[in-house]
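Asker: Chains as they are written, first to last, in my numbering: chain A, 1474 to 1729; chain B, 484 to 792; chain C, 1185 to 1471.
Because the hints were derived from the structure by calculation, they are not lab data. There's no promise every hint is true.
Label-pair ranges, simulated between beta-carbon atoms [as the list claims (entries may be wrong)]:
hint, chain 1, residue 1, chain 2, residue 2, range
1, B, 628, A, 1642, 38 to 44 angstroms
2, A, 1708, C, 1269, 48 to 54 angstroms
3, B, 548, A, 1615, 51 to 57 angstroms
4, A, 1591, B, 602, 36 to 42 angstroms
5, C, 1341, A, 1497, 19 to 25 angstroms
6, A, 1682, C, 1461, 36 to 42 angstroms
7, B, 538, C, 1293, 56 to 62 angstroms
8, A, 1591, C, 1204, 35 to 41 angstroms
9, A, 1663, C, 1341, 39 to 45 angstroms
10, B, 570, C, 1246, 52 to 58 angstroms
This structure is a prediction, so every number in the text was calculated from the model and none was measured. For every residue, glycine included, the Cβ atom is placed at its ideal position computed from N, Cα and C.
Residues per chain, in single letters:
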Amino acid sequence: MSRLAFRDLCVWFGEGEDRVDAVKNATFEVPSGASFGLVGESGSGKSTILRALMGLVPNWSGEMVVGERKLGEKRDRAFYKEVQMVFQDPYASLHPRHSVDQVLSEVLKLHGFSDIDRRVNALLADVGLGPSYRFRYPHQLSGGQRQRVAIARALAPEPSVLLLDEPTSALDVSVQAEVLNLLTDLREEHGLTYLMVSHDLAVIAHMCEATAVMQNGEIVEMLSVEEMRAMRAEHPYTRHLLESASGYNPNAEQRA
Amino acid sequence: MMSDSLNDPRLGFRGWLLTDTPTSRFHARCVAFYSGWLKFRSNTMAMVGLMILILLVLIAAFAPWIAPHDPLAQDLAGRLKPPLSEGHLLGTDSLGRDILSRLIYGSRITLYIVTLVALIAPIVGLLVGTVAGYAGGIVDAVLMRLTDIFLAFPRLVLALAFVAALGAGIENAVLAISITAWPPYARLARAETLTIRNSDYIAAIRLQGAGPMRIITKHIWPLCISSLIVRVTLDMAGVILTAAGLGFLGLGAQPPSPEWGAMVAEGRRFILDHWWVATMPGLAIFIVSLAFNLLGDGLRDVLDPKDAG
Amino acid sequence: MSEKPLLDIEDLTVTFPTRQGDFQAVRGISFTLGRERLGIVGESGSGKSMTGRAILRLIRPPGRVEAGKLELEGTDLLKLSEREMQKIRGQRISMVMQDPKFSLNPVMRIGDQIMEIYRFHTGAGKRAAYEKAIEMLEAVSIRDPERVMRAYPHEMSGGMGQRIMIAMMMVTEPDILIADEPTSALDVSVQTQVLSIMDRLVRERGMGLIFISHDLNLVASFCDRVLIMYAGKIVEVCDADRLHEARHPYTRGLLGSLPRLDEPRHHLEVLKRDPAWLDAPSVSGRQ
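Model the full structure from these sequences, guided by the hints.
Answerer: As structure tokens, this is what we get:
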């Protein structure tokens, strides 16, 4: 059974002459418990798909289905309890004047939990931060620690689907490894479904069983992880992405 | 982190205030406050400003004990005595009243005006600005055009019109100044809201199902307030001067009340022969305005959300 | 390498005073640069960008640059006056930054900016500067240089902007180009183009390139020699093509923490930082 389904999703900004089509006829499904990747460069529309699902873009057409439910114009709290998102930049996604404790307890209160004190500590433990981090402010945390807090916030309502928007692209590689490992563990422990956006094929191949490659708002190719590892791709753009994942290749330019 | 060792119990209360690992909500607030205080304290000029203002508050509070004379007691025999004369450190005015005592009592009026304006104007501005900025669309257009109308009049002229309509007096002067002072705050709050509104942390809390009321009051206000506080302290000099101006024009505090602006106005008649009558209250206005400006500069360094984080 | 190096650096230190005492961003590193592509890799805070800036003396006070030796072909850069240093910047040593958006003047036409730099450093006439600018834009594979000359920076895409930056930095034909994360703001398709342009310029003009990056794979495949920096020191120096055989535990840890297409793993290796690395002496990158 599929957890998320997108059929002919189109997203556009502006009207008339100024209309920009950010996503064109995107169709794909993410099975329950799976991890699905969206790869492409900036402006290819990969993040826009996540934002459309979360109800953060005004204009879209097509169909988005979560579980059995077709999404309409508005998202209710029940939706946000089921689907959560982790943003790209941990330096921008935490309120600068709210302590970790404030961030997490507010979310827990919004979702009507009562044993907030216990849950805040449990969430911090889940993301590998001790209770000593509970009353710190974002400026007292490193990038990796901030991203852990952002992940804890997304986990607070106990969602079944997590949308990950380039969750490690603002982090150093050693910290990226820690965060990716954490995400791997959390998925196993909580049985989460991931929809992950990245520009880095190696990260997607590490985290996801399948991926859609996007260029200029269109999905140009679907790849399984085996195909990625074997560098078997049809579309020239995908092939270029695969090649550059392993560094600079002086002969690659002519083919690009 | 380099300062994990600060948890050392030997460091006592100071260590408790400087720790990187606070243990409760209250503790975290204290630590944040103390680090702000340390930053503020390193700015000497701001500390000077703060000292002057604390002194002003003390003078106002203990005026009856400090003032050597009754500020309203006239002594026509001893009128227009120069500074440093017997019993009158700053001299006397045209009715023989002791200028020092009048300045001391006048500080109460100044503080009263400043406090009320500092409460009313930024709060109105914050409400209008954040609602306009967050709601956008028609609400934004209506509120901001209203703001523009207020901004289109010169401040003193508008205040004059209000006082003329409401009647002269301190309360009405405060009201008039507040009414003319809020539009810049609304503009500032709206501009801040527009940038905050599109940030990831606002998106994140929206994705938890938070409504606009909660977002504005709990997430946007705390970030706007700091820049408003800075702006208010920097504007206080202007408020004091506007109040003095209204007093000078006879529309603020009424004689014989020792309001500083009104005192300058009274002294105007003798400014060539008896300079001190107008100069002393003028100096008082100048010093307090300067103190607010210095304080504002210091606060800006501490509260600026861009680097304090 | 028997040839005299272009740049000779010994015991370079960059210090910033803070309230908790002095903070050393770069802690006594030594290396030389010949006519080669020298990569500097490290994580954020390792001091790699500070090294690049220190060479150009772009560290603002209260930051301090100190060195036993900081010589450009025998000229001691630390002894030069600020005016003389301005001549060095751009003419002898150029720098390309991460984001072209912040390095180009938004209200000046691109052509005028390139020509201004060229004329400032060579005193050439307008006509000559124009021709030189066109030539440089062609050299960085810009197809329609006349049109680009008339355009403003905001009309350019990120990749175009970065190529224009390189053209601008190369117009004076410097001996050394310092590129600080020149491609990390760019998409992969453009990244390759920009790199191959720099590659060609180094080979054809015999320039020295300092390539500062956090991307190990990129540095390994693009550079000749690599310095690995950690906490303001050089922990390891190796030939770029042998980076994957690096021995220092930090380098090994970094490599292990990278997800790889060819080696599927359930968990990535997590770098364990050894406090002893902080106190170990810096490895020399002199040749």
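Asker: For every hint, state whether the structure bears it out.
Answerer: Verification of the hints:
1. 628/B with 1642/A: 38 to 44 angstroms: holds, 42 angstroms
2. 1708/A with 1269/C: 48 to 54 angstroms: Once the Cβ atoms are compared, 50 angstroms apart, the range 48 to 54 angstroms for residue 1269/C and residue 1708/A holds.
3. 548/B with 1615/A: 51 to 57 angstroms: About 55 angstroms separates the Cβ atoms of residue 548/B and residue 1615/A, which means 51 to 57 angstroms holds.
4. 1591/A with 602/B: 36 to 42 angstroms: holds, 40 angstroms
5. 1341/C with 1497/A: 19 to 25 angstroms: For residue 1341/C and residue 1497/A the Cβ distance comes to about 20 angstroms; the hint holds.
6. 1682/A with 1461/C: 36 to 42 angstroms: holds, 37 angstroms
7. 538/B with 1293/C: 56 to 62 angstroms: holds, 58 angstroms
8. 1591/A with 1204/C: 35 to 41 angstroms: holds, 36 angstroms
9. 1663/A with 1341/C: 39 to 45 angstroms: For residue 1663/A and residue 1341/C the Cβ distance comes to about 41 angstroms; the hint holds.
10. 570/B with 1246/C: 52 to 58 angstroms: holds, 54 angstroms
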